[in-house]
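Undergrad: All chains, full assembly: derive it from the sequences and hints.
Here the sequence shown is numbered in the numbering used here, starting from 27 and rising by one per residue.
Calculated directly from the structure, the hints in this document are not laboratory data. Check the hints yourself; a few may be wrong.
Ranges between beta-carbon positions, derived for each pair [as the list claims (entries may be wrong)]: (1) GLU86 / ARG41: 35 to 45 Å; (2) ASN67 / GLN92: 29 to 39 Å; (3) THR30 / SER106: 18 to 28 Å; (4) HIS96 / GLY46: 27 to 37 Å; (5) ALA44 / TYR90: 42 to 52 Å.
Just so you know, these numbers come straight off a predicted model, no measurement behind them. Where is the CB? At the ideal position from N, CA and C, for every residue including glycine.
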Amino acid sequence: YATTVRPFDGAAVRRAVAAGDAADVVIVEPYLAGTSTAAANDALADTAHRVLGLGVARRELRRYGQLHEHVAAQGLDPASLRERIAAFLRH
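TA: What follows is the structure, encoded as structure tokens:
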């Protein structure tokens, strides 16, 4: 767990992976989905690993509303995150 996305803390990711049973990394960021996956892949280049990058989708949203509606539309609300991360970890 990191409290900031930038600057990307590759050393912390390596430590977390070394301390765990699997090298599954999930990045949830307030940017375009996948923005930091390259940095995670670079940090773990010498380790077998999987990365799931979650964030804002490329599709343009044309409906306006409250913040919680935008978060849900992007699949970043708690229920959507739980579902997406669980699916990633099952495979």
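Undergrad: Now tell me if each hint is right for this structure.
TA: Hint-by-hint comparison with the structure:
{"no.": "1", "hint": "GLU86 / ARG41: 35 to 45 Å", "result": "38 Å, holds"}
{"no.": "2", "hint": "ASN67 / GLN92: 29 to 39 Å", "result": "35 Å, holds"}
{"no.": "3", "hint": "THR30 / SER106: 18 to 28 Å", "result": "22 Å, holds"}
{"no.": "4", "hint": "HIS96 / GLY46: 27 to 37 Å", "result": "33 Å, holds"}
{"no.": "5", "hint": "ALA44 / TYR90: 42 to 52 Å", "result": "45 Å, holds"}
Figure legend: structure checked against the earlier numbered hints; every hint is met.
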